[in-house]
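With the hints as constraints, model all of the structure from the sequences given.
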Amino acid sequence: MSLAELQRHFWLSARTRGAPPSGLSGTFTDGPHQSATERVGVYHLAYWQRQLEALASTFPRLRGTLGERRFEQLAFRYIERCPGVHPCIERLGEGLPGYLADSSDLSTTEVGLARLEWANVACLLSQDSPSRVDLPRELGAKFAVCRLELIAALLVVRAPAAAVKAFDECLEFEPHLPQLDVVFFRPSFAVRYATLSADEAAALACARAGLSVAHICEAFSCHHEDVTQRALTVLAGWFRKRWVTQVHLEET
Amino acid sequence: MHGFGLRVQHYAEVLERGVRADLCEAVTENYMWRGGRPLAVLERVRGEVPVSLHGVSLSLGSVDPLREDYLEELAALCERVQPTFVSDHVCFGSVGGQRAYDLWPLPFTEEALEHMVERVEQVQARLGRRICLENVSSYVEFRDSTMREWEFLSELSERADCWLLLDVNNVYVSAKNHGFSPHAYLEALPTERVAQLHLAGHSDHGSHLLDDHGCAVQAEVWELYRDVCRRFGALPTIIEWDENLPSLERLEAECDAAREVERHELG
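One line per chain: the protein sequences are A and B, in this order.
If you count the first sequence from 1, position 158 lands on 158 in the numbering used here, and the numbers rise without skipping.
If you count the second sequence from 1, position 193 lands on 193 in the numbering used here, and the numbers rise without skipping.
Since the hints were made in silico from the structure, they are not lab data.
In this text, all values refer to a predicted model and were calculated from it rather than measured experimentally.
Do not take every clue at face value.
As the list claims (entries may be wrong) - Examples of chain B residues toward chain A, derived with CB under 7 Å: (1) 38; (2) 75; (3) 95; (4) 101; (5) 104; (6) 140; (7) 143.
Claimed, not checked - Distance windows between CB atoms, simulated: (8) A:169 <-> B:206: 41 to 47 Å; (9) A:214 <-> B:124: 52 to 58 Å; (10) A:17 <-> B:205: 33 to 39 Å; (11) A:233 <-> B:20: 48 to 54 Å; (12) A:215 <-> B:246: 25 to 31 Å; (13) A:233 <-> B:122: 51 to 57 Å; (14) A:57 <-> B:246: 19 to 25 Å; (15) B:223 <-> A:16: 36 to 42 Å; (16) B:128 <-> A:171: 45 to 51 Å.
Each residue gets a CB set at the ideal place from its N, CA and C atoms; glycine is no exception.
Have a look at this one:
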């Protein structure tokens, strides 16, 4: 058997759901106290268990909501359908929210909870960026044509209100809203998160799309009489919370 | 020199009071493709003691192509940390690009040996330095194997011109699981190629020993370590502990115990 064939054979033996297949003694030898199949079973158990533990660590609230058994079934289905491809096991859960949205019988609340939990981890894993903490007042009117480059460790997730409540019942939001935008950010080591008002979420989307400050400010025009004051308050907050890494002045 | 593997659970304490060891080892992948606290901790430790980078996902033995993005990240991390050693395992951990998240053993065949030599050379050329290769603990043996593990490692280190990271616990675990003499294993290794040592605990599952790094180093492994010290001399030694992780003080005490064994054997 070639090295490639043997590795493929090992892979299939370790990945078979339930237990390793029988009839492995053609490839592996029996040991002093175990058959070939039992020996492969050590790797089989480790394969499933290690990844289950990794997913449980990424999605503790989803696990709590679903219960141990249901979470385990779901995790095993995911591992079977979407084997990890990233060298770091902590990224194994990256595809789980999408997988759940596409293929499972979970509720939208549970899928939303998975998305929030992954965003929390993704934010933790994001690259560091230096940040500016003050509005660049020295630019004066030119600030309107600037683009704001946001830090890498800033993510916005839209999820059902019930999912946000399940993620953190202390988060404040208007109870009548069915969907909420939650921003995750990491100014230094710890991830923080908060719900966003509709106008701030829209403004942030504009900033992430690379639009100018003037365009960003248009997001506030629908909801506030004093657009300038509202825009200044929100944008100053972005700087204070260290969401902005660079201010790019677009010369015309 | 004696130290321990840096683990997330100790980060806060390490940041607060530093480490009391001669060196530390960091699991490479915990510091790749990311920012945040881990790198700050690693740089703090690096400011105090030499640091080695120990990988688990290079998948040197896999027939999959080496991942260029992995090598790029690893090279950048080496540049940043200036590690004393860069190590990974004699194993494969991916098939068709899909990860096992485990250290799967290779058959000890000429084909696997040639493949490993080529890959190690590729990595060493990319990093511009020799790497260290660790023997894994194993639970299976392949019918196709044509040589013993120690022959494979000896040939590999000579042909690829790399170092060996001898995991003493893994030698003991595999010896018990496969019924060979751990002392014969040590005897056959080229002394000048062994550059670094690992010590760890294992658990006894009746039918086999499991290398779970879940307890203190057992008496039998300490005994083997005595033999290692006599054969290979004083080498940088790392205590690995992952499951049931104890306090930093307990880990440091385990380092002291290893230092004492070495002192006793070598005077």
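Hint check:
no., hint, in the structure
1, 38, "9 Å, violated"
2, 75, "14 Å, violated"
3, 95, "4 Å, holds"
4, 101, "5 Å, holds"
5, 104, "6 Å, holds"
6, 140, "4 Å, holds"
7, 143, "6 Å, holds"
8, A:169 <-> B:206: 41 to 47 Å, "46 Å, holds"
9, A:214 <-> B:124: 52 to 58 Å, "54 Å, holds"
10, A:17 <-> B:205: 33 to 39 Å, "22 Å, violated"
11, A:233 <-> B:20: 48 to 54 Å, "49 Å, holds"
12, A:215 <-> B:246: 25 to 31 Å, "55 Å, violated"
13, A:233 <-> B:122: 51 to 57 Å, "55 Å, holds"
14, A:57 <-> B:246: 19 to 25 Å, "20 Å, holds"
15, B:223 <-> A:16: 36 to 42 Å, "39 Å, holds"
16, B:128 <-> A:171: 45 to 51 Å, "49 Å, holds"
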